[in-house]
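Read off the chains here:
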Amino acid sequence: MLDFIRDPSIYNLVRGPFVWIAFLVFIGMSIYKVRRLYLMAMNEKVVLPSIKGKAAGRSILHWIIPFGSRNWRLRWPITITTFVFHIGLVFTPIFLLSHNVLWYESWGISWWSLPESVADIMTLLVIITCIVFFLRRIFAAEVRFVTTGDDLLILAISFLPFLTGFLAYHQWVLPHKTMVILHMLFGQIMLIAIPFTRLAHMFYFFMTRAFMGSQTAGWGGKDW
Amino acid sequence: MAVKEKKQKILSREFPEYIRDPNPDVGLDESIKDLKPEQIEKTIMAVLGPQTARIRAVMETCIHCGLCAEACQWYLSSDKDPTFAPVAKMRMTAWEMLKRKGKVDAEFIKQTARIVFTECNICHRCSMYCPYGLDITFIIGLVRRICFVLGVVPQRMMDQDHSHATALNQVWFTQNDWVDTMQWQEEEVGAEFKNLRIPIDKEGAEVIWYPLGGEPKTNTYHIERTAKIMHAAGIDWTVAGRDTWDTSNMPMFLRDFTTMNRVVRGLYDNAARLRVKKMVLTE
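Chains A and B, in that order, are what the protein sequence lines are.
Counting from 1, position 176 in the first sequence corresponds to residue 176 in the numbering used here; the numbering is continuous, with no gaps.
Counting from 1, position 191 in the second sequence corresponds to residue 191 in the numbering used here; the numbering is continuous, with no gaps.
Just to be clear, a hint being listed does not mean it is correct.
To be verified - Computed Cβ-Cβ distance ranges for the label pairs, DEER-style:
| # | chain 1 | residue 1 | chain 2 | residue 2 | range |
| --- | --- | --- | --- | --- | --- |
| 1 | A | P77 | B | T118 | 30 to 38 Å |
| 2 | B | K277 | A | F23 | 56 to 64 Å |
| 3 | A | F83 | B | R100 | 34 to 42 Å |
Stated by the list, open to error - Simulated pairs of lysine to aspartate or glutamate, EDC-like, Cα-Cα distance not exceeding 20 Å:
| # | chain 1 | residue 1 | chain 2 | residue 2 |
| --- | --- | --- | --- | --- |
| 4 | A | K33 | A | E44 |
| 5 | B | K101 | B | E38 |
| 6 | B | K99 | A | E44 |
| 7 | B | K202 | A | E116 |
| 8 | B | K228 | B | D269 |
| 9 | B | K101 | A | D7 |
| 10 | B | K9 | B | E60 |
| 11 | A | K33 | B | D201 |
| 12 | B | K217 | B | D177 |
| 13 | B | K9 | B | E119 |
| 14 | A | K222 | B | E224 |
| 15 | B | K217 | B | D236 |
| 16 | B | K194 | B | D243 |
| 17 | B | K228 | B | D201 |
| 18 | B | K278 | B | E206 |
Everything labelled a hint here was simulated from the structure, so no lab data went into it.
From the three backbone atoms N, C-alpha and C, an ideal C-beta is built for every residue, glycine too.
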């Protein structure tokens, strides 16, 4: 059924122009989205003057460190899950040896890469934590009540590149080349999806935290 | 023997999980009868339609993780009923309105008003528990504004707002009542303290004191005691002679911006007019 995907022309397409499109859309749209929210905040007049640099920085710092805020300490299973997930999600693709090789082959640049066994474990952890998130969406009542279709969609978008990458590395289920092509496609879908879906919390996190950190500092409190 | 009456529960058409005990309120039950669909749509789109930065930041960031639930006293005190979680309140009100582009009926507005007015204290605690620090309270406040503009507000809250709009205090006090109460309290304290005055509109005083609406109306001894404290501490103080003396800004809880603005402006106007250095408020 998946014979067509083994066609070398598809590989060339996925390895060439699709990568360009994905990265350009991801970077361009991300800059556009952040800039647009910033300009809108400027139009709202009350938002930007309330930002206090120190309070904003402290709020971001406390929430980006595991167990750094009250809610992270109260909900420690979630905290462990979410930090393992996000660290794996962000750092594995950047420091994976195979990805580094691709950068080196294309542009002759390379940087520090993770040992293969560590990257393998991190990928597995991302897959497991994704499943934990999925089960939480189904079984935790307060999460199930607010779960919509696109929550499951963005979970799948971040789950599939890691699943296919893991299977491709171990050469399981499908032939290696087919799996790699699927992996690259899903990776590109994820990159493109980031600015267009609520995966945009990747950069909105810093803006909303800065706002609320400053607000609570203005009331003489703290939000961590 | 009294037979325990089987209580009729309030159910929601949209959300089967939402089950509540009946809470009849004229402000909610009667005021929805005159609402027209186009009126509702227009109001919702006027408030939520121009998606400003603060609305967008919430809509485009909230990952529906439910971590705000533990912050809410309503959620904690209702056996962790998921429909009391802050994110659930947003989902049942603002998200649903935006999803349907404002095309909701009067019954939905009544349910919305019940959620935002009687099941949320707009205390901002959820923002402190949200990993992104999203301003959930701001969204609930906007929904309150929609309900207020449509006139669907619990009767007592609407009455306080009307009182503020009319008399600039929440207890329907006229300026005469206010000045008279101050002079009466001055007389009362005079028996205990020599030379104790409650200065009204004293220009150049150091401190202007603003009570809450209830103090001159029902708890006049508060005024007497404040006067004693000020006198004993030797503070050069005054109270406002105009009818802008009440700091309890009830219109704020309805997001009645016009009246809310008038109340706060009145307090600052007094301070500027009398050239006082500090404003002291009761809380």
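- Item | Hints violated by the structure (listed by number, smallest first) | 6, 7, 8, 9, 10, 11, 14, 15, 16
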